[in-house]
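Each chain is listed here by its residues.
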Amino acid sequence: MRHLPAALLLFFCACPGPAPAPTDGGVDGGGSDGGAACQPRPSFPEDAGACLPLADDYQPRFNGSSGDGWPACVSDSNTYTPINPSISTVARVAAYEGIAELLWRDGGVPSPQAFVDARVLYAQDQGLDSRVQRREDVHYPAAPMPCSTAGIPEQHPERCVGPAKLLPLLNDAFARGAMGEAPRVHAARIEGALHWFLYVSSLSEVMSCTNRAQDCDSCWAYYTGGTPRDSPLGLAREVAALGPEAHQRAYDGTLAVRCWRNLDNETGVAMNTTLRDRAFAQLDRALLRGLALALRQRVTELPCSTGDVLDARWAYVQVLAPLLDRAARERNGPQADVLKAELSKSSPLSVDVGAVTGALDALFPCP
Amino acid sequence: MRGGLALSLTAVVLAAASGARAEEPPDAGPSKSSVAARAQRQTPDAGATLAADEFELSTTVSGARQHVPEQRASSTVRRTELQHRQPRSAPDALRYEPGVFVQQTAHAQASAFVRGLTGQQTVLVFDGLRLNTSTYRQGPNQYFFTLDAATIASVEVLRGGGSTWFGSDALGGVVATQPVEPPDASEGPLLRPTFTFRGASADGELGGRFQLEAALGRSSFLGGVGARRVGLLQSSGPVTSPADGSVPDVPRFDDDGRTQLGTGFNELTGDARFRVRVADGHSLTAALYAYRQFDAPRTDQCPPPGARSDECLTYTEQFRTLAYAAWDGAFESGVQARAAVSWQRQHERRENARPASFVLGTGRDVVDTFGATLRVQPRTFTPRPWLGLTVRTGVDTWVDLVDSRAWLTFDDIGVTQERSRGQYLAGSSSVTGGAWVDLEAAFSERWTARSGARVAWAAVQAPADPESGSAAVAQRWFPLAGHVGLEWRALRPVSLVVNLDRSFRAPNLDDLSSRQQTGAGFQFENPRLEPETATTLEAGARVRTAAVTADAWLFQTWLAGAVGKQPREVADCPPQTPACNASWNRFQLVNAPGVADVRGVEAALKLRLPWRLGVRATASWTWGEGPNLVARPADPSAPWTERVPLSRIPPFNGTAELTWQHPAGLGAAAALRWATLQDRLAVADFSDARIPAGGTPGYAVVDMRVWAHLSRHILAVLVLENLFDTPWRAHGSSVNGPGRGVIVSLSVSP
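Those protein sequence lines, which keep their order, are chains A and B.
Mapping the first sequence onto our numbering, position 289 (from 1) lands on 349, and the numbers just tick up by one.
Mapping the second sequence onto our numbering, position 427 (from 1) lands on 495, and the numbers just tick up by one.
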């Protein structure tokens, strides 16, 4: 009995056990670190004019999908129609938004207390942490057991990306940020890890939607935060800021997923995996383009950033680059090698920005 | 029936008696209690029950001490049965009672369903003192587990409403426990220590108890301390879904496929009971009962479905302390009375650990209950030669004061933040109580009429917590309860009984202010709940002969305003409650708009056979249905019915035991417990991971027992449980029942 000594005391006095004493763990310390962001910030004018939708893409923005070959469905209205009016994922993306406001969105230096507050949001019951712990990347073969099983994440780190890769990273970044260590860097690591999480989550929900139709709602919500096209939250907000057309295509992808499920036994188990996979591919392509833009933006800021701002941009790149490696190799091995080689360099200042952006544009040219 | 009607009937009978002459009481009525049963209740220990007969009639005794009413459907588990069956806990002791079904959310938590209702819809009583607090939640709870079975002389189960005598919550039934009493001081000085050791293989239980009995002059004492350490519970393997053969998410098994994660606990107990006879017929009792349970995981949350295997919700502390003083008086006039004042502290501390993220959520709730009761039973008087009247009356009140806090800790950086509120709102309080009168009129030897009524009071208040969007609560009610009944002794051994009872449950602090993650989803408060009432009509037949004891009962309960879980949308969640928004399912307790029905049949039979053999058997069938709390879907083709099954209604179930007892103290028994498939599921049951997809399969489990009372000083018991290693699970449980194993117990009184 590990509580035996205290128990004997409690046994006789019948008084309540000790309460956890609120502590700050020394998080009041910390402070700003030096560094400057690019002035002006480099911008990348997205030109999607050459990026026509694929022939089998779902295109609800054009004549209510009448010309795209998809049968008529609930998404033809060009708005998302939830299967279940209550989408629990919306709360998780709301937590992401709160974390973003605390840690990186205003461009300032987050305080140690901001990291603690952000972690409270991250650790909410049934919140982001609970899903990071079990998140799987469905691009990889399924593990023999769920990723929540002890030992499985270590044996299948690519599939069990949440517990194997993202969780340790997030734990470390939140803790070190709360201790006042390189706040911008750890905020950027958290940002990158959560972007990765939101990407794999949205796609993971497509697959689970095969059996649980309401998971299609989660697919949409993990990308958009449960919002309309023109007021995106979460990952959609980040993507829309960098590539409006990439965001529109990704939103089309979520509507494609919803359309598939509407056409495929919405009240039961889906059977038309071909249509599902078309929708999945459409969404995946757009999301990858969006993440490539996010990576591209940080890389282009490397030469004109200094100090901790430079380190933060580099930290984000270091987190997100491995995510894109799998898709990059599927598309073009040599370009993927270029990308990997540049982003594996020990110093951000030695990165050939042109090579990286060229590789990204070649690998992920269109949403 | 409305409470006012019961009051009126009582008044009418009292008026009829007002001009009556006092004569000798007829040879009938409730005072015909079994001397053997009374003696049995006062048998303190193993050594003193040499060759105790398990087949004595289970009856209740009269007097001012609170027992379940005799004329109602009831049964009693006595100490000899506890000793021979070796239950793992107080709830476990009820598995052989008709109309009772024991559900287990955790290895260290069990809740008795009585006539299909449990938790806050039943009342727990210890030595006449109400144990229910205002934080008893909807659905099963763990609190009956916090009674140490070693201190129990008997457990009486009243099936059906009992609010007249026991107040709020007594809708489905009452579980009334009587404690083991100190030795009789009139037999001379006594000092008797007893050592008891117990072990069980299925969960590696190892424990014991030291008990001391003493008597000197007019004073007597009984006290003891006990401890046990219980390991992971090994089952016979998974119970599979009757719908698709899948293995439920709950419980999670170790690699051997038998050992259930999220089980095991540690326990310390202590008790002291001091009694002094201050005058002839008058005694004072001072008693203290302490229960301390440590590190008891909640199995369905350890880990939660889909979560990592190291995630766990653990009740690190589950304490209950009960202290009281009571005066029992019997006056020469024939009046008997009992008055008691009591204090109970219910304390629990939970830790929800997510070690992979270094996150620890802690909650601590403390409920202090102060109680006062007075019961008086004047002597029976006979205004007419053919009429005997017995009146009992009483008043009681219970005040709860609640403290509740919650924290979030990040272990890796040593940061702890206190939440704005706990599961309850700190500073909440509640009052419940009432005054009641009960009248029994015996007309000749064949007919007895009974009626009674309670005027009750209940009030609840809780402060607001703006940060969490929690509204203040201030509610009060004055419910009425009552009953009428008629007994006809058609033949001397046969009696037919019909009873009509109205009972109530006033909403408590849990209903009105708590927020918690339940098995079915996140549940949040509803400060606008109103009392629920149960009207029960029951008819029974009883046979009592030297060889046969049989009971059969039919009942129908109409639950008006039944409190149930209504699915809610995210938009309904209280503000600043992300755990509600983020949960897969959300519920709010509401009063059902119509009447829910619970009906059933219960039968119990005891046969005394030649060659010192005996047979016992029970069978219970319960059916429950209520208004669908899910709104009718907009799509008319979507499946929906106006009425749906009530949640976790037990399946058709029963028991059978064959026993043999030798006067020398040896005995043996073979016991069967069985249940059929339960696939009538409520809406909330479908999202409850404790219930396999499609329902809980049936089972039949056989135990064997042998015991030996070796002189008055030694009792040895061996139980072979689950002889055929059958996988089984009581409907609604997180834990599968123990697999094949052995329980041994040895009590020695040097």
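It cannot be assumed that every hint is accurate.
[As the list claims (entries may be wrong)] Stretch-level coverage of chain B by chain A, calculated; a stretch enters the list once three of its residues show a Cβ under 8 Å from a Cβ in chain A:
no., stretch
1, 203-211
2, 417-430
3, 470-484
4, 553-560
5, 803-812
Because the hints were derived from the structure by calculation, they are not lab data.
Remember, it's a predicted structure, so these values are computed and weren't measured experimentally.
Where is the CB? At the ideal position from N, CA and C, for every residue including glycine.
Do the hints match the structure? See the list:
1. 203-211: Contact hint for the stretch 203-211 of chain B vs chain A: violated, 0 residues under 8 Å.
2. 417-430: Since 9 is at least three, the answer is holds.
3. 470-484: holds (count 11)
4. 553-560: violated (count 0)
5. 803-812: Contact hint for the stretch 803-812 of chain B vs chain A: violated, 0 residues under 8 Å.
Violated hints, listed in ascending order, are 1, 4, 5; each of the other numbered hints is respected by the structure.
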